[in-house]
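Trainee: Add chain B to chain A, keeping to what the hints say.
Residue numbers (full-length UniProt numbering), protein chains in the order written: chain A, 1 to 199; chain B, 1 to 171.
Rather than coming from a laboratory, the hints here were simulated on the basis of the structure. The C-beta atom is built at its ideal place from N, Cα and C for all residues, glycine as well. Mixed in with the good hints, there may be bad ones.
A short, non-exhaustive set of chain B residues, derived as facing chain A with CB atoms under 10 Å [as the list claims (entries may be wrong)]:
no.	residue
1	Arg69
2	Met71
3	Ile74
4	Glu87
5	Arg95
6	Tyr96
7	Tyr99
8	Val100
9	Phe120
10	Leu123
11	Tyr131
Straight line, CA to CA, 27 Å or less: simulated DSS-like cross-link-like pairs of lysine-lysine [as the list claims (entries may be wrong)]:
no.	chain 1	residue 1	chain 2	residue 2
12	A	Lys43	B	Lys107
13	B	Lys107	A	Lys175
14	B	Lys38	A	Lys187
The chain contents come next:
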Amino acid sequence: MSETNTQTADAPQQEPKGSGWGKRLVFIAPTLVFLVLIGFFVKQLGENPAELPSVLIDRPVPEFALEPLPGRGKPLTSESLKGDVSLVNIFGSWCVACQVEHPFLMQIKESGFVPIHGIDWREKDPRDGMRWLQKYGDPYDHVGLDPDSKVAVDFGVTGAPETFVVDKQGVIRYKHIGPVNAEVWEKTLKPLIEKLRTS
Amino acid sequence: MSMNRLRTLAAAAALSVTVAVALPAGAVLPDEMLDDPKLEERAREVSRNLRCVVCQNESIDASNAELARDMRLIVRDRIAAGDTNEEVLQFMVDRYGDYVLLEPPFKASTYALWFGPAIFLLLAAGAGYAYYRSRTGGVPAETVRPAGLSAEERARLDALLRDDTDTSSKS
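Pulled out of the complex, with its shape left as it was, chain A reads as follows:
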C-alpha cells in the first residue's frame, strides 16, 4: 500500500498525461466492441442459420438428363426448363414436409399459372415416387428420378422440399427452402414469376 502511495506522489504531473487517455479507452473500447456485437446479433435475429444462400442464383441450371418415373414418361432434363418460366420442386415420397406442401402445389397446377417440374430425390425404390403421386395427385409436368443426389447437388440442395424459380432462358432466379404455402406464393413466387414473364 505505502509503496504505491509514494510512487503516485513522486510523479503527480505524469498522472493525467499517461492515464487520461488510457482510462477513457478502458471504458470506450469495451462499449464499442459491445455495440458492434449487438449490431451483429440484431442482424442475425431474423435469420435462419440453416438457410444457406444459394450461390446458384442468376446462374443457368446445370446440364442434366434424369430418368423418368417408371410408367410416367416425361422425364426432366435441363432442356425442359427452357422456353417458359417454371418452378422446379425437389421432393421425395419419404419427405414429410413435401406432403404438407403437396396440396398447395396441386392448387398451382389447377390454376395453370406456371408449370411445376419435379425432381424425385433419393427414393429407395424407383416406384415409390410414382405410387406417392398416384395416391396424392400429380402436380408436375416433367419429373425425373435422382436416386444418388447427382442433380440435387448440382442445384445445391440441402434438404427437401426446395423450390427453384427458373426463367425462360433456364437461369435460376430464386430458391425457396421448405414447403411452399399461400404466403410464400403470394408474397414472393407469384410476383417474381410475373416479373420474369414480362422481362
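Mentor: Coordinates of chain B only, in the frame set by chain A:
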C-alpha cells in the same frame, strides 16, 4: 492382481485399440471406397474439408447423413475422373458456396475472421500495457528503487562488520 482386475484391463486395452483404429474411418462404408488406395486417400482428404450441409458442423467424411454419403460418392467420382483436390473442392463451392468448406478461404470477406483474433490480442495487450503504465504512474522502475547508502551509513556498516569479524576470531 486379481483375475477380475486383469480382465477389466484387457477389455480397456481392447476398447482403446478399437477406438484408435476406428476413428480415422469416419462414416465411409467399404462399398463407397475407391479401389486405388492413393485415390481413396485423396478422397478422404477432400471429404474432411467439406461440410455436411444437412448437419452443418460435421465433415461429409464423418457424417452418416444420406446426402453426405452421396456427396462422398460424387467426390470419388470426380477424383476418379481425374480432378485435382482443388477442382473437387471448387466443384462443391460452385454449388454450395464457401459455406461448404470447413476451413474458410482467405479472402476480403473473411479478413475479419482471420485477423480478428490477432487484432483482439493486440488490443488486449495494449490495454494491459496502458493499465500497467497508469498503475506505476509512468515512472521507470529504476527511480523507485531505494537509494544507496549514504557515506555515514556506509561507515557505520563497515564498523559493525569489522566488529563481527573481530569477535569471531577471538572465540
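Trainee: Looking back at the numbered hints, which does the structure fail to meet, lowest number first?
Mentor: The structure breaks hints 4 and 14; every other hint is satisfied.
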